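Participant: As they're listed, the protein sequences go chains B and R.
Per my numbering: the first sequence = residues 1 to 148.
Per my numbering: the second sequence = residues 1 to 241.
By construction, these hints were calculated from the structure, which means they are not laboratory data.
Predicted model only: the values in this text are computed from it and were never measured.
You may find that some hints are simply not true.
What the hints assert, rightly or not - Subject to a maximum C-alpha distance of 25 Å in a straight line, what follows is the list of computed SDA-like cross-link-like pairs (lysine to any residue):
no., chain 1, residue 1, chain 2, residue 2
1, B, K30, R, V177
2, B, K45, R, V176
3, B, K30, R, V164
4, B, K97, R, W118
Stated by the list, open to error - Sample of chain B residues with no beta-carbon within 10 Å of chain R, all distances over it, derived:
no., residue
5, S52
6, K65
7, V71
Note that the Cβ used here is the ideal one computed from N, Cα and C, for glycine as well.
Okay, here's what each chain looks like letter by letter:
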Amino acid sequence: MKAKHQRLVLALVALMALIGAGLLAVSALKDEAAYFYTPNDVRIKGVAPGKSIRLGGMVVKGSIKRAADGVTIRFDVTDGKATVPATFSGIAPDLFKEGSGVVAEGAFDGSGAFVATNLLAKHDERYMPRELEGMRYDESTHEMKAER
Amino acid sequence: MHRFANPTRFLKIARPLTGWLFWAGLFLLVAGALCGLFVTPADYLQGDTVRILYIHVPAAWLGMGGWTGIAVAAIMQLVWRHPLAAVGGRAIAAPGALFTALCLMTGSIWGRPTWGTWWEWDGRMTSMLVLFFLYLGYIALAEASAKQGQQGGVSSVTAIFALVGAINIPIINRSVVWWNSLHQGPSITLRGSSIDGSLLWPLGLTLLGFTLLFAAIVLMRMRAILARNKVEARMQRMARG
Numbered sequence: 001m002k003a004k005h006q007r008l009v010l011a012l013v014a015l016m017a018l019i020g021a022g023l024l025a026v027s028a029l030k031d032e033a034a035y036f037y038t039p040n041d042v043r044i045k046g047v048a049p050g051k052s053i054r055l056g057g058m059v060v061k062g063s064i065k066r067a068a069d070g071v072t073i074r075f076d077v078t079d080g081k082a083t084v085p086a087t088f089s090g091i092a093p094d095l096f097k098e099g100s101g102v103v104a105e106g107a108f109d110g111s112g113a114f115v116a117t118n119l120l121a122k123h124d125e126r127y128m129p130r131e132l133e134g135m136r137y138d139e140s141t142h143e144m145k146a147e148r
Numbered sequence: 001m002h003r004f005a006n007p008t009r010f011l012k013i014a015r016p017l018t019g020w021l022f023w024a025g026l027f028l029l030v031a032g033a034l035c036g037l038f039v040t041p042a043d044y045l046q047g048d049t050v051r052i053l054y055i056h057v058p059a060a061w062l063g064m065g066g067w068t069g070i071a072v073a074a075i076m077q078l079v080w081r082h083p084l085a086a087v088g089g090r091a092i093a094a095p096g097a098l099f100t101a102l103c104l105m106t107g108s109i110w111g112r113p114t115w116g117t118w119w120e121w122d123g124r125m126t127s128m129l130v131l132f133f134l135y136l137g138y139i140a141l142a143e144a145s146a147k148q149g150q151q152g153g154v155s156s157v158t159a160i161f162a163l164v165g166a167i168n169i170p171i172i173n174r175s176v177v178w179w180n181s182l183h184q185g186p187s188i189t190l191r192g193s194s195i196d197g198s199l200l201w202p203l204g205l206t207l208l209g210f211t212l213l214f215a216a217i218v219l220m221r222m223r224a225i226l227a228r229n230k231v232e233a234r235m236q237r238m239a240r241g
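Just chain R, with the same shape it has in the complex (with noise of 0.2 Å):
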């Protein structure tokens, strides 16, 4: 990992990597969505809401993958003082709190016709919310500590903060299981899948799309916040001369 820890390196990988990352996801991503509107048949009891879960699947996971991924990034940065990983925390953050609204939102317009209610406060709910408003408490943190010029971008209170966060995750995911809950149990266990394969196919394309995406938005902010850094390193040095 420490290879990495050179900016200049990782610069070098990341600037052609952004743009295969960024057109393969969005190719996946519209193939899957097309193919989940249009080819796939409808649900025998929901009809064609069943289709918002070609979104609302891979949103639910890159919210939970973000999080995963700021946590990560926490520990690197309090164990090993890596350079980048409050770089690659900051740059997580805004993209991870899109999908987790992005989440809600297509839960809630899904929930409408199929449950009866916009919203309820069920255990898996009321913990996903709790994982957008922790985003939204670490973008705060983080861009506060960047406007003190902390190292990176990323004071050491907001990482700890981001790893105190991180036990929401298995509660978010284990939530339908331990409480009752409106939201239905998990359907693809590592057991297998109680989704016929037949509506299931599109999902493991805008999964995988909207991940590359997420990467290719995660990579291109990284590069953001590098530039940023080096230009105010260098109009400090400046003033100074």
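Excised from the complex, chain B in its bound form (with noise of 0.2 Å):
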């Protein structure tokens, strides 16, 4: 064997090994690297109340609802599989609408609403001018559609 395929072999049994570790390394990170729970996280592992966390998910259609101070905020955050309802009191992102992605830092009170200490606006991977608005992208067939 010439030194150049000895060291080419080298080279490639060494990038194996590190992919390998690599991989380990992220799936072991999988839960820990997480930005947030969603609903059914939450749901399937429990969250004690108290504690810190980031709620991750959708605001449900027609569930956001003011309250009579004018700051505070009602809505629900499902990921489909379970919905927990939560409160925010103060200024919320532009991009913060019903049917959109939410991320929410704050902790669980004793009855299972979540209490909103600060609010992200997750945006989607869709982009479309203004007329397109309502339409909808469809996974399947990679077309724009109009929504029901």
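Two chains, two frames, some hints: make the complex.
Facilitator: Written out as structure tokens, the structure is:
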């Protein structure tokens, strides 16, 4: 075997080991590196009341209600499998809307409602001009279609 | 590849190529940026903020592509002992770091109005920041070994560091798929694009423009490193003679 081939084999073996180590590390991180809990994660794993977490999901359509004090809002967060009621007092970001993504920082109170101290709007991967608003991106055909 | 092992032959091609790549890249970049700023419609949700994508996406692509190039150069250096590989790796490092920083900054500027935050430690942002630090580490190692007079200016340790760091590239790419993240998932996949065509086309121009410009900068830096090596070799000969 020529020295060049020896080095090639060595480099390939080292690369394989490296990728293996990286994959192991990443799969071990799977839960720790998640940026937020989904309502379903909360249902399965359970989160102690008072523990600071981020809760992420979609704001349920028609669920945003403004309280009498004018700054507190109530809304439901869902991931399609479970739904969690949440409250927030303060200024929500512009993109916080019903039917779009949200990441709320805060903790659960004793009654199972989520009290958010900060709201972040999560943008999805769809980009389109205003004329197409209300159209929906079809995952299977990759075309824009009118919503319902 | 070994046809270009001879620097003279490489320079013969690199010299005219630099100008072509530079001007073509600059033209496409300016055209794409102007179209992205004035021609395309605003996004239905983000409004005009969406336009930063024409800079942000190419910056991310070149930040990650740059490190991929460094890793390929490292393999060529370690396995085939290609004399230009080390020069290439060193030449890519600085513009790669610059584009990674540009990606982080434009992302932050976009994140404030869209998400409501300048910075969050989610998987995509954290792994991209790690890439920036990897670049800084590579530059420090490469420049240190260049000062010690290593051939071409990159020690084996530096090349191995480049290969180890390459594991971060697929992690950046998959971070929004593997983990819940604030950053949205991939818009452009092999199966299609969820960015509407009317918003998408200037991205092709800036993507190609930035890439050609990047290649021109790398060639310029390679030529500068080769010229400096030549001067140093001549000085040493004179000192001895």
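Participant: With a cut-off of 25 Å on the C-alpha distance, tell me whether K45 of chain B and V176 of chain R pass.
Facilitator: holds, 22 Å
Participant: Could you grab the alpha-carbon distance between K30 of chain B and V177 of chain R and see if it respects the 25 Å cut-off?
Facilitator: holds, 11 Å
Participant: Test the statement that V71 of chain B is away from the interface with chain R: the closest C-beta pair must be farther apart than 10 Å.
Facilitator: Nearest chain R Cβ is 16 Å from V71 of chain B, so the label holds.
Participant: Straight-line Cα separation of K30 of chain B and V164 of chain R no greater than 25 Å?
Facilitator: Measuring from Cα to Cα gives roughly 21 Å; hence the hint holds.
Participant: Measuring Cβ to Cβ, find out whether K65 of chain B lies farther than 10 Å from everything in chain R.
Facilitator: Given that every Cβ of chain R is farther than 10 Å from that of K65 of chain B, nearest at about 21 Å, it holds.
Participant: Would you assess whether S52 of chain B, listed as outside the interface, keeps its beta-carbon beyond 10 Å of every beta-carbon in chain R?
Facilitator: The claim holds: S52 of chain B sits with its nearest Cβ about 14 Å from chain R, beyond 10 Å.
Participant: Need the status of pair K97 of chain B, W118 of chain R: alpha-carbon distance at most 25 Å?
Facilitator: Holds, because 20 Å separates the two Cα atoms, which is no more than 25 Å.
This entry satisfies every hint, going by the numbered hints stated previously.
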